[in-house]
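Visitor: Heads up: the sequence lines are chains A and B, in that order. When we follow numbering that gives the first Met the number 0, the leftmost residue of the first sequence carries the number 0, and every step to the right adds one. When we follow numbering that gives the first Met the number 0, the leftmost residue of the second sequence carries the number 0, and every step to the right adds one.
Please keep in mind that the hints were generated in silico from the structure rather than gathered at the bench. Do not rely on the hints blindly, as some may be mistaken.
A pair counts as met if it fits within one copy or between any two copies, since identical chains are not told apart.
Stated by the list, open to error - Distance condition first, Cα-Cα at most 16 Å in a straight line; then the derived EDC-like pairs of lysine to aspartate or glutamate:
| # | residue 1 | residue 2 |
| --- | --- | --- |
| 1 | K148 | E27 |
| 2 | K185 | E159 |
| 3 | K156 | D87 |
| 4 | K149 | E159 |
| 5 | K247 | D217 |
| 6 | K156 | D241 |
| 7 | K185 | D236 |
| 8 | K193 | E67 |
| 9 | K148 | E251 |
| 10 | K148 | E24 |
| 11 | K175 | E251 |
| 12 | K141 | E24 |
The lines below spell out each chain.
2 protein chains.
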Amino acid sequence: MLILLTNDDGIRAPGIAAALKVLREIGEVVVIAPETVQSATGHGVTLTTPLMTQPVQVDDQTVGTAVEGRPADCVKLAINQLMPRRPDLVVSGINSGANTGINVIYSGTVAAAIEAAFLGLPSIALSLLMDKDLPDWDHAAKLSLDSVKKLLAHGVKPGEVMSVNIPSLRSGELPKGTRVVRQCCKSWSDEYEKRLDPRGRVYFWNSSEFRLQTDENDTDVAALRDGYVTITPLQFDLTRHDRLSSLKASIES
Amino acid sequence: MLILLTNDDGIRAPGIAAALKVLREIGEVVVIAPETVQSATGHGVTLTTPLMTQPVQVDDQTVGTAVEGRPADCVKLAINQLMPRRPDLVVSGINSGANTGINVIYSGTVAAAIEAAFLGLPSIALSLLMDKDLPDWDHAAKLSLDSVKKLLAHGVKPGEVMSVNIPSLRSGELPKGTRVVRQCCKSWSDEYEKRLDPRGRVYFWNSSEFRLQTDENDTDVAALRDGYVTITPLQFDLTRHDRLSSLKASIES
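Could you put together the complete structure from these sequences and hints?
Guide: Below, the structure written as structure tokens:
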């Protein structure tokens, strides 16, 4: 099995190195990832500037390619130009931070996986809930690999995206289990702090805290908060199909 | 009616000025938009750097606020800090370029509208298909206003996003009608050109042409190609609900 591994934290992030180590157990892994941190860049793509590339030593066994672009660029370029052949699986992560709830739509990690699915490949996004301590990436990677194996045994079809979130655990501590859950779509309340720069210009800091709280217990946010590994199947068809017919009836001319 | 107007082409783009002019007919319009061009930035948000702001004269009647951030940042900041009260409607556009098919997920214009919906407001994204000639923005804005009025008459609920695409038309030329259509999800084939910089570093240009071709005639791509105004209701729940139960059965533990 040929695996394309990418991420949004950049090719030098600890999460991608940890993922590389465990994914080698199940296939040949090619690493093509952003040169710089691309967190919360969403599904951006680069169309009007060139994508610079350079080889980067990811660990003692693997030289990857760093791309000065977004996560989705890495996937496009990998498949079109850089991979020896079309990969059998695309994995994105392990992201430093959970991708649950509304973060799913901001996430570069998820965008890379969705891009791969859009290009007709099966893909899996991996994300780790962070707390204040430094995480045990190797432990998170082992748990991620368990989920990848379960998903591959179940079958991930071309064009399908599976998003896996790993709870925050001490070394050796096990999750409570695995939950297949929907994305929490609960509305969010932002917080900003207003300040003045030394020249009197107004600026704002986003000071929201992403708290994992919800009363919707069948969601990714709730299950991850409760210590489960979460799996959410995702799509890239943004159409609200349930609204098509009433709109058609009242608006078409 | 209080309307927040934003875009992804930047506060000085002709499309937002044209939209401002026509939206004044139906409400009070506050313009809060990116300082710089944010095309194809997708649903990025700014969490780790400050959002600088400055007043910008958008036209002879309106001073807007330019935000050095992404389209979704503009919406968040507008609602949380800059608007006199919560707007009754958020409009994003008019974008220079169609947002149909896969472009829906790359689009900053759509991301701003989705952000507004996520924050519990009704929102409408407006985009104009470009051809080689300079567009008649005022004509496109009049057609956009027609669609906005139709949508408001039908009802756009809090949390709903409607995406409108205007075909490429000469001045005074009318669209064939309006079609309510789903997002085309047909796979895409990228093209990249490989080059060497003067120092021998490898880089790539995305050389794909976004051609409006599909054989799926019930989609946004086909209807826009055929000269119709298209309306697509969008969502921000990326869960593939149809895959939840089989995954649950085989994976949960």
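Visitor: What label fits K185 with D236 when the C-alpha limit is 16 Å: within, between, both, or neither?
Guide: between (20 Å within a copy, 10 Å between copies)
Visitor: Treating 16 Å as the Cα threshold, decide for K148 and E27: within, between, both or neither.
Guide: For K148 and E27, only the intra-copy Cα distance (15 Å) is at most 16 Å; the inter-copy one is 55 Å.
Visitor: Checking an output row: K141 and E24, CA cutoff 16 Å. Within, between, both or neither?
Guide: within (11 Å within a copy, 59 Å between copies)
Visitor: Tell me, please, which holds for K185 and E159 at an alpha-carbon limit of 16 Å: within, between, both or neither?
Guide: between (24 Å within a copy, 14 Å between copies)
Visitor: 16 Å Cα cut-off: does K149 pair with E159 within a copy, between copies, both or neither?
Guide: Cα proximity of K149 and E159: one copy only (15 Å, versus 36 Å across).
Visitor: How would you label the pair K247, D217 (within, between, both, or neither) given a Cα cut-off of 16 Å?
Guide: Between copies only: 12 Å across chains, 33 Å inside a chain, cut-off 16 Å.
Visitor: Indicate which option fits the pair K193, E67 if close means a Cα-Cα distance not exceeding 16 Å: within, between, both or neither.
Guide: This pair counts as between: shortest inter-copy Cα distance 14 Å, intra-copy 32 Å.
Visitor: Under a CA distance limit of 16 Å, which applies to K148 and E251: within one copy, between copies, both, or neither?
Guide: between (48 Å within a copy, 13 Å between copies)
Visitor: Given identical chains, is K156 near D87, meaning Cα to Cα at most 16 Å, within a copy, between copies, both, or neither?
Guide: within (10 Å within a copy, 42 Å between copies)
Visitor: Is the C-alpha distance from K175 to E251 at most 16 Å within one copy, between copies, in both cases, or in neither?
Guide: between (51 Å within a copy, 11 Å between copies)
Visitor: Reference check for the pair K148 and E24, CA-CA at most 16 Å: within, between, both, or neither?
Guide: within (10 Å within a copy, 58 Å between copies)
Visitor: How would you label the pair K156, D241 (within, between, both, or neither) given a Cα cut-off of 16 Å?
Guide: Answer is between; shortest inter-copy Cα gap is 14 Å, intra-copy 25 Å.
Going through the hint list in order, the structure satisfies each hint without exception.
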